[in-house]
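A.B. asks: Each chain, written out:
2 protein chains.
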Amino acid sequence: MSAIDACLENAEKYAAGFAGGELSASPKSPVAVIACMDARLEPAALFGLREGDAHVIRNAGGVVTDDVIRSLTISQRLLGTREVIVIHHTDCVMTKFSAAELRDAIESETGVRPRFAMKTFADLEGQVRRSVARLRESPFLPHKQAIRGFVYDVATGRLREVV
Amino acid sequence: MSAIDACLENAEKYAAGFAGGELSASPKSPVAVIACMDARLEPAALFGLREGDAHVIRNAGGVVTDDVIRSLTISQRLLGTREVIVIHHTDCVMTKFSAAELRDAIESETGVRPRFAMKTFADLEGQVRRSVARLRESPFLPHKQAIRGFVYDVATGRLREVV
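Chains as they are written, first to last, in my numbering: chain A, 1 to 163; chain B, 1 to 163.
Hints were generated in silico from the structure; no laboratory data involved. Treat the hints loosely; a few may be bogus.
Remember, identical chains collapse to one label, so a pair may be satisfied in a single copy or spanning two.
[Unchecked claim] Below 16 Å or equal to it, Euclidean Cα-Cα: the simulated EDC-like pairs (lysine to aspartate or glutamate) are:
hint : residue 1 : residue 2
1    : Lys144    : Asp91
2    : Lys96     : Glu137
3    : Lys96     : Glu125
4    : Lys96     : Glu51
5    : Lys119    : Asp66
It should be emphasised that the depicted structure is a prediction, and the values quoted were computed from it without experimental measurement.
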């Protein structure tokens, strides 16, 4: 059985016990979470979020890219969220490789240079501050009164507020 | 108490019961999930994923943008994932507004035209196929043997495989 098939087997059980058919597209909570894709970080468990509660936007690093701004613009303007949590985490792979080397390796292997920015960061807290600053500077987001940035410690399960 | 504070209160409880300190940055499962940010869609519950199991990448629509390709490139090349699940869902807001109208409204309110593509889609299954096709066409992803696309029905909790 492939790993996807194992996921689908669980999805069958999930559907059998499903009771969320009346939930609205507009989240119950005004919070949108922006987090790293890292497997050790589980926003729903961490924040006690259940189906229907909150938007969750995730990418490599939890960094605020144009695609995150696009998603959060839709979240705030069309679906009513007003607060934002940004979470990066300790032991993040984004702090551990050279973007230039990865880009070079991909180009030499494939003949194509990635057109997306492949940024890494050494300074975890600084990167949280930059991500929050990018949100605060965006002209497209109507709600900026409650944007808070955290580092999640994968060794302890604790959040530390940075900004 | 703000909604963020309620999240943080839960995070304190989460940390108090935390037992995942030994988990590796490389996910246990080779599956990376690409899903919409929608609050009704909860990939961890749906697929039975726990902390340390799988990468989860989410944005508005679950569409395959350059930022998703960036994230998945890192997931496959640096952290060992080899299979991909793409999930879009019924009743998605991305099928319900006019991108041109939203862009115009933002520009007229802020004086700045969004530089990010604000694509919407009317054809849900077609959009799943396009997202999977974008992954299969990407020169940057080394593992394309197992990329499968689904529509999640928010009314029933069921997944339907599209491609």
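A.B. asks: Could you tell me which of the hints above the structure violates, numbers in ascending order?
C.D. replies: 1, 2, 4
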